[in-house]
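Residue numbers (the numbering used here), protein chains in the order written: chain L, 409 to 615; chain A, 8 to 202.
Honestly, the hints are just simulated from the structure, not real lab data.
Any given hint could be a false lead.
[To be verified] Subject to a maximum C-alpha distance of 25 Å in a straight line, what follows is the list of computed SDA-like cross-link-like pairs (lysine to any residue):
| hint | chain 1 | residue 1 | chain 2 | residue 2 |
| --- | --- | --- | --- | --- |
| 1 | A | 202 | L | 540 |
| 2 | A | 160 | A | 198 |
| 3 | A | 96 | L | 569 |
| 4 | L | 516 | A | 67 |
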Amino acid sequence: MALVCVAVAILAAACGAGGGSGRNAWPTPVFVEAVTQAPLGNRETAYVPPRSAPALRLTDQDGRPFDLAGMRGSPVFVYFGYTHCPDVCPTTLADLRAGIKQAGVAAKVVFVTIDPARDDAAAMKQYVDYYQAGYTGLTGTAPQIAEAAAAWGVSYKQLPSDSASGYAMAHSTDAYLLDADGQLRHHIFFGAGADLIAKLLTEVAGP
Amino acid sequence: MTSVTTRAGGTTLHTGTRVGRAIARLTPVLAIALLATACSGGSSAGVRITDPWARTSPLVAGAGAAYMVIENTGSAADALLGGTSDIAKAVEVHETVDMSSAAPIASDMPKASTDMGGVASPAASSGMTGGSVMGMQKIDRLDIPAGGKVELKPGSYHIMLIGLTRELVAGERIEIMLKFEKAGDVKVTAEVRAK
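Given these sequences and hints, build the entire structure.
Put into structure tokens, the structure is as follows:
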């Protein structure tokens, strides 16, 4: 089994080297499950080896075009959610803020909405500004968001609701950690907590 | 005990007579005695709330969340039905559910447990690994068995403060009146935390 994984990894790496910008250029799944450690529990998975992050070109909270490639030079967390998310998203964004502070590393956070119908640039601006942590909030047209989510392996769907709060969105709740070279290094599950986030960020940032 | 204190404390007698003062002193005791008598006939109802807190929330979010541990100290099953608060237009009980098993997400919301388990369901088309997909649903009643307790926490059950009338700021305290099927209205003072 391990041999198969390695073989797939090598093949994918070879394919990835010539990969273009479109998401169709993505190679066969290359993913080796690893690094599950007590006592923090199964809250993250490492990309071994690291791989280039998918493209992410959307509109930021100030209405300007955004390209993730422009963030090279510092570690970046990428997280997909929505502003009307009262539980999972603010928990994760607060954990990221605490983890980054704990690590003492100048990392960036990119929050991508999967609810573009409600989250226009103005809404994203109000939301990220609230955290006062220099977060970037991204939105786009529904097709643009769908394309970005697909490229990143993010699932989402509007749920039927009988709540006074309107509809909720089901969505992938993981954060991605990229190193300063734009390589995907870790996939962090919901509930990882600030301690694990700080540990991974410290490792990725290097000495 | 909370309801007893409230009832006794709510009784005020303004009188200058010595007898009046004596009655005033005795009133809480009488109230407790009367209430105890009333309760002794059947099953008692009561809840104990510990560590109530609400997360700071921007207005654009439309809703905030509050968490706490609710213990049913009564001898009968009780249920949290909802509540009211001055800081929100509506107060509901919601549950965050793991929907990872339903990938792609089915149109019908599955009644999933909140077990996250760190399961990664591959999003095969992209070559990326999708992790846990979580959704949220309103629940009409949160059952708490007699002597049992339920923890409202991130990624699980939570109180939804819908239509915030103002922004929640870390350090302040907000009041929520929770409505229980048996224990009735229970006032909770929750600290707002930025976490």
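Q) Are the Cα atoms of residue 202 of chain A and residue 540 of chain L separated by 25 Å or less? A) Roughly 13 Å separates the two Cα atoms, so the pair holds.
Q) Straight-line Cα separation of residue 516 of chain L and residue 67 of chain A no greater than 25 Å? A) holds (22 Å)
Q) residue 96 of chain A and residue 569 of chain L: Cα distance at most 25 Å? A) holds (17 Å)
**Q.** Agreement of residue 160 of chain A and residue 198 of chain A with the hint, judged by alpha carbon distance not exceeding 25 Å
**A.** Cα-Cα ~14 Å, so holds.
Violated hints are absent here; each numbered hint is respected by the structure.
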